[in-house]
Amino acid sequence: MTDEQVIDLVNRTLAEEFELNLADLTPEAHLITDLGLDSLDFVDMVVVLQNAFHVSLREEPSIQQIRTVGEIHQLVIAKKRELDAQS
Amino acid sequence: MPRRVVITGAGALSPYGHGVAPLLAGLGANRSAVSHRPELGTIPGLRCQVAARVPAVDLAVIPRKARRYMSAMSGFATLAAEEAIQRAGLTPEQCQDGQTGVCIGSTTGSTLECEDFFRDYLVNPDISRLKSTHFFKIMNHSCAANVALALGTRGHQMAPSAACATGTVAIGLGYEAIANGHQLRMLCGGADEYHPLTSAVFDVMNAASVAYNDRPTCTPRPFDRQRDGVVCGEGAGILLLEDLDEARRRGAPILGEILAYATNTDPGSIANPDALITRDCMARALRQANLAPDQIDLVNAHATGTREGDIAEGQAIGMVFGNRVPVQSLKGHLGHTMAACGPLELIGVLHMIQHNCLFPTLNLDDPDPDCGALNLVRETCQAQLDCVLKTSFALGGVNTAVVVRRLSE
Numbered sequence: 001m002t003d004e005q006v007i008d009l010v011n012r013t014l015a016e017e018f019e020l021n022l023a024d025l026t027p028e029a030h031l032i033t034d035l036g037l038d039s040l041d042f043v044d045m046v047v048v049l050q051n052a053f054h055v056s057l058r059e060e061p062s063i064q065q066i067r068t069v070g071e072i073h074q075l076v077i078a079k080k081r082e083l084d085a086q087s
Numbered sequence: 001m002p003r004r005v006v007i008t009g010a011g012a013l014s015p016y017g018h019g020v021a022p023l024l025a026g027l028g029a030n031r032s033a034v035s036h037r038p039e040l041g042t043i044p045g046l047r048c049q050v051a052a053r054v055p056a057v058d059l060a061v062i063p064r065k066a067r068r069y070m071s072a073m074s075g076f077a078t079l080a081a082e083e084a085i086q087r088a089g090l091t092p093e094q095c096q097d098g099q100t101g102v103c104i105g106s107t108t109g110s111t112l113e114c115e116d117f118f119r120d121y122l123v124n125p126d127i128s129r130l131k132s133t134h135f136f137k138i139m140n141h142s143c144a145a146n147v148a149l150a151l152g153t154r155g156h157q158m159a160p161s162a163a164c165a166t167g168t169v170a171i172g173l174g175y176e177a178i179a180n181g182h183q184l185r186m187l188c189g190g191a192d193e194y195h196p197l198t199s200a201v202f203d204v205m206n207a208a209s210v211a212y213n214d215r216p217t218c219t220p221r222p223f224d225r226q227r228d229g230v231v232c233g234e235g236a237g238i239l240l241l242e243d244l245d246e247a248r249r250r251g252a253p254i255l256g257e258i259l260a261y262a263t264n265t266d267p268g269s270i271a272n273p274d275a276l277i278t279r280d281c282m283a284r285a286l287r288q289a290n291l292a293p294d295q296i297d298l299v300n301a302h303a304t305g306t307r308e309g310d311i312a313e314g315q316a317i318g319m320v321f322g323n324r325v326p327v328q329s330l331k332g333h334l335g336h337t338m339a340a341c342g343p344l345e346l347i348g349v350l351h352m353i354q355h356n357c358l359f360p361t362l363n364l365d366d367p368d369p370d371c372g373a374l375n376l377v378r379e380t381c382q383a384q385l386d387c388v389l390k391t392s393f394a395l396g397g398v399n400t401a402v403v404v405r406r407l408s409e
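Chains as they are written, first to last, in the numbering used here: chain A, 1 to 87; chain B, 1 to 409.
The hints are simulated quantities; they were obtained by calculation from the structure and are not laboratory data. In this text the structure is predicted, and so the values were computed from the model without any measurement. Using N, Cα and C, we set each Cβ at its ideal position, and we do this for glycine too. Treat the hints with care, as some may be off.
What the hints assert, rightly or not - Residues from chain A that keep clear of chain B, each with C-beta distances beyond 12 Å, as calculated: (1) A29; (2) D38; (3) Q65; (4) S87.
As the list claims (entries may be wrong) - Cβ pair distances, simulated, as ranges: (5) F42(A) - Q354(B): 26 to 36 Å; (6) A56(B) - G36(A): 20 to 30 Å; (7) C357(B) - R12(A): 50 to 60 Å; (8) A29(B) - P27(A): 53 to 63 Å.
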C-alpha cells in the first residue's frame with residue numbers, strides 16, 4: 001500500500017464515519033475546530049481506522065496528541081510501515 | 001390540589017408513515033397497515049409472516065451528533081417528539097427551561113444493535129472493534145435519553161419499560177409529574193423497532209397471528225371469532241402533556257384533558273390476564289376521574305386479537321360498562337406497535353373526540369360471544385364523544401387505563 005493509498009483510505013473512512021466532505025479533509029484540517037469532532041468521535045475514529053487498516057492504534061502514545069487530519073495520515077502511514085517491516 | 005393536565009401536541013411515526021396526518025388518514029380510511037413479510041418465512045419455527053412495519057423513513061434528517069447514539073427506535077421517537085412540540089406551538093428552545101421533561105419507554109433496548117454486537121463478539125470476543133456509541137443504542141432508556149439530548153430538555157428524564165403497556169405507563173407517569181406540580185410539560189410516549197424476535201416471543205406462546213400470511217390485511221382481528229393472535233409492529237407515538245394553566249397562558253391548542261391514570265398488577269400469570277383484575281383497573285380509573293360508567297362515551301380497548309386477552313378484556317369491559325358504551329380497538333388497523341401502541345391509539349382517540357366520529361374495529365366481522373355482549377363499533381359512525389377510557393395491558397401482569405375528555409371549564 002503506497003502512502004497515497006493510505007491517505008485516500010483514511011480520508012474515505014473518516015468521511016463515511018463522520019459524514020464529512022472529502023474536500024474538507026485537508027492535511028491541515030483541525031479535527032475539532034474545523035471538522036467538529038468530539039471526544040466520542042475520537043474513540044470511534046480509532047476503531048474505524050483499526051478496522052480499515054488492521055492495525056492497533058488505541059495504545060499508541062501519540063494518539064492522544066493528534067489534532068489534525070495530516071497527523072492521522074502520518075500515524076497510520078508509520079504504523080503500516082512498521083507492520084510491513086515486521087512481515 | 002392536583003394540577004389539571006392537558007394534551008397540547010402529538011407526534012407519530014407509525015406503520016402508516018411519518019406524522020400524525022398519515023396516521024389519521026390511514027385510520028380514517030380503515031386501511032390496514034399490516035403486510036406480508038417474506039423474510040420471516042426464512043426463519044425456522046417462526047410461523048407468523050405478517051407485521052406492521054414503518055415505511056422507509058430518512059433518519060438522516062437528525063443531525064449526526066444526535067443520531068450517532070440512536071438505533072431506529074430512538075430515531076422514530078425523536079422525529080415524533082419534534083412533531084409533538086411543533087404541533088403544540090413550541091420550539092425546542094422553549095422546552096429547555098427545566099420545566100419540560102421526557103418520559104419515553106420501549107419494550108427493550110435495540111435488539112438489532114444487540115444482535116449486531118453478539119454476531120461479531122461470539123465469533124471473535126474482542127471489544128477493540130466496539131464503537132463508543134454502541135451501548136447508548138442498547139441501554140433501556142435509549143429513547144428517553146436520545147429525545148432529551150436531541151431537543152435539549154433539562155427536566156425529568158424517565159423511561160418506563162412495561163412491555164406493551166409502556167407507552168401508556170409513560171403517559172401516566174408524565175401526567176402525575178405535571179399533576180403533582182413537578183413539571184409544566186412532559187413529552188410522553190413509547191417507541192419500538194421491529195425485530196423478528198418480537199413476533200417470535202408471541203409465536204412461541206401461540207399468541208401470534210399465523211393463519212393469515214396470505215391475507216395480511218385480514219389480521220389481527222380484535223374481538224372476532226376468527227382471531228388468531230397478535231401482529232407485531234413498530235413505531236413511535238409521543239404526546240406533549242402540559243399544565244392546563246400554562247397551556248392557556250400561552251394559547252396552546254388543547255387536544256384533550258387527562259382526567260385519570262390508573263394501573264394495577266395481575267400477579268396470577270405473567271401472560272394470561274384476569275378479567276376481574278382488569279375490571280378493577282378500569283373501575284379505579286373511573287373513581288379517580290370521579291365519573292360513573294355511563295359518563296364514558298367510548299372504550300378504546302387494548303384488544304390485540306389474541307384468544308385469551310380479548311376475552312378477559314371484553315368480559316372486564318362488560319362488568320364495568322354493560323353493553324351500552326361503544327367499544328373499539330385500533331389494532332386491526334395498526335397491528336400492535338408495542339411500546340408505541342398506547343400513545344398512537346390515543347392520538348386516534350383525540351381525533352375521534354375532536355370530530356365526534358367513531359372508527360370501527362377493522363377485521364371485526366363476526367363478534368365472539370365469549371368476549372361478552374359488548375356494543376362493538378363495526379363501522380365508521382358519528383356520535384357525541386366527550387369522555388373516553390383507553391386501556392393498555394402487558395405481559396408481566398401490567399394493566400393500565402387512562403381517561404381523557406374534551407376540555408370543558
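Here is what the structure says about each hint:
no.: 1; hint: A29; in the structure: holds (17 Å)
no.: 2; hint: D38; in the structure: violated (8 Å)
no.: 3; hint: Q65; in the structure: holds (19 Å)
no.: 4; hint: S87; in the structure: holds (20 Å)
no.: 5; hint: F42(A) - Q354(B): 26 to 36 Å; in the structure: violated (50 Å)
no.: 6; hint: A56(B) - G36(A): 20 to 30 Å; in the structure: holds (28 Å)
no.: 7; hint: C357(B) - R12(A): 50 to 60 Å; in the structure: holds (55 Å)
no.: 8; hint: A29(B) - P27(A): 53 to 63 Å; in the structure: holds (58 Å)
Figure legend: structure checked against the earlier numbered hints; hints not met, in rising order: 2 and 5.
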